[in-house]
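K.L.:
Residue numbering for the sequence shown follows our numbering, starting at 1 and increasing by one per position.
Take these hints with a grain of salt, some might be off.
Using C-beta positions, here's what the derived DEER-type ranges look like [what the hints assert, rightly or not]: (1) 5 with 129: 26 to 36 Å; (2) 130 with 1: 33 to 43 Å; (3) 101 with 8: 12 to 22 Å; (4) 59 with 117: 16 to 26 Å; (5) 94 with 2: 37 to 47 Å; (6) 112 with 16: 26 to 36 Å; (7) 78 with 131: 42 to 52 Å; (8) 24 with 117: 15 to 25 Å.
Worth flagging that the hints you see were computed from the coordinates, not collected in a lab. Glycine included, each C-beta is placed from N, C-alpha and C at the ideal position.
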Amino acid sequence: MSVEELVRSVYSALAAGDAAALGELLAPGFEAEVAEGMPLGLGGHRSGSDAMIRETWWPIGRSFAMRVEPEEWIACEDGRLLVLGRYRGRARSTGQPVDAAFAHLWTARDGRLVGLRQLTDTALWAAALEEAAP
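Please work from the sequences and hints to get the whole structure.
P.N.:
Next up, the structure:
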């Protein structure tokens with residue numbers, strides 16, 4: 001699979017909550033940098049595919065009803081792909097909306113994804129967890 005096909009498959013697996021598919025798409029040595037300042041302690045470095053799934057993606061799914069909406073796919077050198085788009089959804093605890101831009105820089109090697117750098121407006125995510133003023 002091309003890096004774009006791998007990334008599209010990750011987005012589909014995340015939407016379906018398919019951990020087995022994610023495990024096949026991500027290399028065991030997967031490394032990620034999640035935007036600092038993500039609420040609930042979700043930002044920072046993750047080492048390993050299991051860490052990314054269990055410590056980032058599943059907690060996001062428990063706290064947010066969120067979808068990834070890619071808008072632009074930019075092929076880079078060395079098996080990398082930049083995806084620009086928006087996260088859209090709601091915080092489960094408050095019902096407050098989230099509409100935040102993102103940049104995902106993915107790296108693939110030997111038919112699997114080995115890295116992700118994720119950037120987004122973390123303040124919008126945090127604000128959605130706050131109750132609306134009466």
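K.L.:
Now look at each hint and say whether the structure bears it out.
P.N.:
Results of checking the hints against the structure:
1. 5 with 129: 26 to 36 Å: Taking Cβ atoms as reference, residue 5 and residue 129 lie about 34 Å apart, which means the hint holds.
2. 130 with 1: 33 to 43 Å: holds (40 Å)
3. 101 with 8: 12 to 22 Å: Taking Cβ atoms as reference, residue 101 and residue 8 lie about 19 Å apart, which means the hint holds.
4. 59 with 117: 16 to 26 Å: holds (19 Å)
5. 94 with 2: 37 to 47 Å: This hint holds: roughly 39 Å between Cβ atoms.
6. 112 with 16: 26 to 36 Å: violated (19 Å)
7. 78 with 131: 42 to 52 Å: holds (45 Å)
8. 24 with 117: 15 to 25 Å: Holds - the Cβ-Cβ distance for residue 24 and residue 117, about 22 Å, lies within 15 to 25 Å.
The structure fails hint 6 only (numbered hints given earlier).
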